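Given the coordinates of chain B, assemble chain V onto it according to the supplied hints.
There are 2 protein chains.
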Amino acid sequence: MLRVALAMVPEVRQLLTEDPAQLSDLLDEIHDEDLADLIGLLDDAEAAKVLMALRAEEAAPIFERLDGETQEALVEQMGVESIAPIVSEMAADDRTDLIEALPDQVSGTLLSTLEKVDPEAAAEVEELAKWPEDSAGGLMTTDYVSVGIHLTVADVIERIRAVGEDAETIYYVYIVSDRGHLIGVVSLRDLLLASPSEKLADVMTENVFAVSPETDQEEVARTMAKYDFNALPVLSADRKLLGVITVDDVMDVLTEEQSEDMQRLGAVGPIEDSYFKTSFWTFIQKRAPWLAVLFVGEFMTGEVLRRFEHELEVVATLAYYVPLLISTGGNSGSQSSSLIIRGLAVGDVRVGDWASVLVRELGQAVVLGLILSVIGMLRVWLWGDGTGFVLTIGATLMAIVLMGCTVGAMLPLLLRRLGLDPATSSTPFIASLVDVLGILLYFTIARLFLADLLAQAGAGG
Amino acid sequence: MLRVALAMVPEVRQLLTEDPAQLSDLLDEIHDEDLADLIGLLDDAEAAKVLMALRAEEAAPIFERLDGETQEALVEQMGVESIAPIVSEMAADDRTDLIEALPDQVSGTLLSTLEKVDPEAAAEVEELAKWPEDSAGGLMTTDYVSVGIHLTVADVIERIRAVGEDAETIYYVYIVSDRGHLIGVVSLRDLLLASPSEKLADVMTENVFAVSPETDQEEVARTMAKYDFNALPVLSADRKLLGVITVDDVMDVLTEEQSEDMQRLGAVGPIEDSYFKTSFWTFIQKRAPWLAVLFVGEFMTGEVLRRFEHELEVVATLAYYVPLLISTGGNSGSQSSSLIIRGLAVGDVRVGDWASVLVRELGQAVVLGLILSVIGMLRVWLWGDGTGFVLTIGATLMAIVLMGCTVGAMLPLLLRRLGLDPATSSTPFIASLVDVLGILLYFTIARLFLADLLAQAGAGG
Numbered sequence: 001m002l003r004v005a006l007a008m009v010p011e012v013r014q015l016l017t018e019d020p021a022q023l024s025d026l027l028d029e030i031h032d033e034d035l036a037d038l039i040g041l042l043d044d045a046e047a048a049k050v051l052m053a054l055r056a057e058e059a060a061p062i063f064e065r066l067d068g069e070t071q072e073a074l075v076e077q078m079g080v081e082s083i084a085p086i087v088s089e090m091a092a093d094d095r096t097d098l099i100e101a102l103p104d105q106v107s108g109t110l111l112s113t114l115e116k117v118d119p120e121a122a123a124e125v126e127e128l129a130k131w132p133e134d135s136a137g138g139l140m141t142t143d144y145v146s147v148g149i150h151l152t153v154a155d156v157i158e159r160i161r162a163v164g165e166d167a168e169t170i171y172y173v174y175i176v177s178d179r180g181h182l183i184g185v186v187s188l189r190d191l192l193l194a195s196p197s198e199k200l201a202d203v204m205t206e207n208v209f210a211v212s213p214e215t216d217q218e219e220v221a222r223t224m225a226k227y228d229f230n231a232l233p234v235l236s237a238d239r240k241l242l243g244v245i246t247v248d249d250v251m252d253v254l255t256e257e258q259s260e261d262m263q264r265l266g267a268v269g270p271i272e273d274s275y276f277k278t279s280f281w282t283f284i285q286k287r288a289p290w291l292a293v294l295f296v297g298e299f300m301t302g303e304v305l306r307r308f309e310h311e312l313e314v315v316a317t318l319a320y321y322v323p324l325l326i327s328t329g330g331n332s333g334s335q336s337s338s339l340i341i342r343g344l345a346v347g348d349v350r351v352g353d354w355a356s357v358l359v360r361e362l363g364q365a366v367v368l369g370l371i372l373s374v375i376g377m378l379r380v381w382l383w384g385d386g387t388g389f390v391l392t393i394g395a396t397l398m399a400i401v402l403m404g405c406t407v408g409a410m411l412p413l414l415l416r417r418l419g420l421d422p423a424t425s426s427t428p429f430i431a432s433l434v435d436v437l438g439i440l441l442y443f444t445i446a447r448l449f450l451a452d453l454l455a456q457a458g459a460g461g
Numbered sequence: 001m002l003r004v005a006l007a008m009v010p011e012v013r014q015l016l017t018e019d020p021a022q023l024s025d026l027l028d029e030i031h032d033e034d035l036a037d038l039i040g041l042l043d044d045a046e047a048a049k050v051l052m053a054l055r056a057e058e059a060a061p062i063f064e065r066l067d068g069e070t071q072e073a074l075v076e077q078m079g080v081e082s083i084a085p086i087v088s089e090m091a092a093d094d095r096t097d098l099i100e101a102l103p104d105q106v107s108g109t110l111l112s113t114l115e116k117v118d119p120e121a122a123a124e125v126e127e128l129a130k131w132p133e134d135s136a137g138g139l140m141t142t143d144y145v146s147v148g149i150h151l152t153v154a155d156v157i158e159r160i161r162a163v164g165e166d167a168e169t170i171y172y173v174y175i176v177s178d179r180g181h182l183i184g185v186v187s188l189r190d191l192l193l194a195s196p197s198e199k200l201a202d203v204m205t206e207n208v209f210a211v212s213p214e215t216d217q218e219e220v221a222r223t224m225a226k227y228d229f230n231a232l233p234v235l236s237a238d239r240k241l242l243g244v245i246t247v248d249d250v251m252d253v254l255t256e257e258q259s260e261d262m263q264r265l266g267a268v269g270p271i272e273d274s275y276f277k278t279s280f281w282t283f284i285q286k287r288a289p290w291l292a293v294l295f296v297g298e299f300m301t302g303e304v305l306r307r308f309e310h311e312l313e314v315v316a317t318l319a320y321y322v323p324l325l326i327s328t329g330g331n332s333g334s335q336s337s338s339l340i341i342r343g344l345a346v347g348d349v350r351v352g353d354w355a356s357v358l359v360r361e362l363g364q365a366v367v368l369g370l371i372l373s374v375i376g377m378l379r380v381w382l383w384g385d386g387t388g389f390v391l392t393i394g395a396t397l398m399a400i401v402l403m404g405c406t407v408g409a410m411l412p413l414l415l416r417r418l419g420l421d422p423a424t425s426s427t428p429f430i431a432s433l434v435d436v437l438g439i440l441l442y443f444t445i446a447r448l449f450l451a452d453l454l455a456q457a458g459a460g461g
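Those protein sequence lines, which keep their order, are chains B and V.
Numbering-wise (the UniProt record's numbering), the first sequence opens with residue 1 and increments by one.
Numbering-wise (the UniProt record's numbering), the second sequence opens with residue 1 and increments by one.
Simulated from the structure, these hints should not be mistaken for lab results.
It should be emphasised that the depicted structure is a prediction, and the values quoted were computed from it without experimental measurement.
No false leads were mixed into what you were given.
DSSO-like mimics (lysine-lysine), calculated; alpha carbons at most 27 Å apart, straight line:
(1) Lys49(B) <-> Lys226(V)
(2) Lys286(B) <-> Lys226(V)
(3) Lys226(V) <-> Lys277(B)
A short list of chain B residues far from chain V (calculated; beta carbon distances all over 10 Å):
(4) Ala7
(5) Pro20
(6) Ala56
(7) Thr109
(8) Asp134
(9) Asp202
Quick reminder that beta carbons are idealized off the backbone N, C-alpha and C, glycines included.
Isolated chain B, as found in the complex (with noise of 0.2 Å):
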């Protein structure tokens, strides 16, 4: 997508300098989100020039789709007075997030300065600011339609072309009473179907699913994603309307929230922008800490192994086989806690399914060890290891199998029972884990078939 703003540079780079005021003409053909792109390709002194040409309404749509850092870089180059009045024209939810992103100093010059050009925008800002950037009230705009009851069909659509210009969307019109409570909900679409005769108390849909302020934004998206609304209410606890949250935020929240996921599994904290817009020195700050505590963990599996140290002495074959076992034991519990880790995110699994989510990766792990452990025991017989080893790899394959499926399934289930992030914390627990307990199962049963040769080989050495 990147192509229609690298296209674009030259030609606007050329226009800068040779007559600026023709640049409002030739992006207004452009997407906004292509010209956000463009100020991005842009160094800061240009990008702060193109906006400038730009009316205030036609640089807030743009300004609004950068990502904080280059907004924060453009607040500083452009000025408080000359940012302010794009800041004024921005959704109210984006003006908030800019406000809140920027250093205190800034946010503060720049909120007085709102107040002067724009009352009621920095009144939004201050009621929108109330709430953690990644709840509904995070997410949601004062931007919408409301009305009271007493109104028709054709009075409503007609308020919507009086004030719809600055809504954020004009698909839904809520019904409020005089002091602020929602009455309910009624659609464009519903409203043009109906006679406009008709009164909007009849059209209406009183059962209205709304979610609270601080509701998680993931559980929005997904309530958005599986009901298919276009919009949502906000409601205060004595169901007061606050805010209204669009699907268009909610899409960008679906694509965060499953990059984060998708990091934490690759352990890795969350990352918010794109991999080349990230700094060297976040990435280290990012992985570093992740991978020094899997590392750390992992040192058990070096006290672990030192207890075997007489086995391992004697009978230096069985360290051939410890990577291949541990590994095994990692790959059918991360089978497991990723299946679960899913199905807690959308909601298909519940901590209190917990049983028969047991039940169900007991019985597969069953299966998957039994497989596994005939290519094993194969594999061990073409080694020519012997009888002893083929039993002690068959068995201790089955026994790690079933301990990395409970491990993979349970350990999610019972973070989250804590009140922990499953994404965020399983991984590191089920990999130490699974590694400390798989070495243990192995020396365990290859004391138990390997007993002859352990003995005769001490003897010997």
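Relative to chain B, chain V alone:
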């Protein structure tokens, strides 16, 4: 979300036996999604009775939302004659998906019954069935509003009123020529905000973003999320309007593709249904092949360790560090691969960027490797394994993290270059390759730093 449905089951069961005619009134105020959950909780015979008690246009939106397995069971339970009127009321895209999913014989009978009941609906199915399920063509609907260009704004709104009942979205109106070529698009919002007497040609946008029917559904979803489109037209090569993709279908695609990516990273084949709806043997089929491939790949570690038989026999301490070292290689590799796979999926990273990716990953690997080396050397020193081991482990950690990051970052790009799906294929390759290379690095470095110890012990043994 299942709570709503669960709470209704007893009441619905009671009405089914006592007074099925009242069902329609009871279910009228419930969201179709919750009703679909309810149907899923009933047995097939009960579910069939509920659907029969409703009018076809009430039953269709519920039936649309059922998963494939339940739909098929209900077609069998209710019979083609009873289901056809419901199928005729379904959205064209869902109707097509259903008929494509049914066994050939049933779908043939259903389609010929549909041709009698509603020939237009049958024709739409034949049109949409041309395209693969996971392409734009498989996602689009033919239930959209299109008009000719010689109309006024008021005419178009009148037209929406007339045909809007059956359209999947009325928020965009497509302007087409007599031959079906797309000329432009206008949003209902722009129509409402314009003066009723204005000409359509003056309010429409000619520069319409569109996709071809072959476009992959994931690309469609990302495009719509990026540009905040609520609907996206699908055009043939000669720009004829074939259909429209709406945002609600795309949100499902985002979730579905994400689940698949997560499952692939966890080495599980893509699973379509939710955890508890997926059968035992489906899980085995999705898990066993991957587990077996990974297992056989790990045989290599055994082969490589056997090459260092002498070293392992004379210095058993060497074996204690194997799990620690190879897991560190695996962790740094999976950090890099999860970043790159996600970057490829969302379009941030392209195959052509491999050189700059390599530079970034190597730079990060140096810092990460240094951090782990320092921690690791301290631990070895505390274990009291001697200077030779302190140096060996320090150097090996550095080498292994460099190798892990390189393999983890480059392999997904190479696989994509070869036309393979990086999410599917990376995991097993990276796991085995990093383990094997890690062991090779470890023993090669050990031979260097532990030469004296190995010679002494060898002579002494």
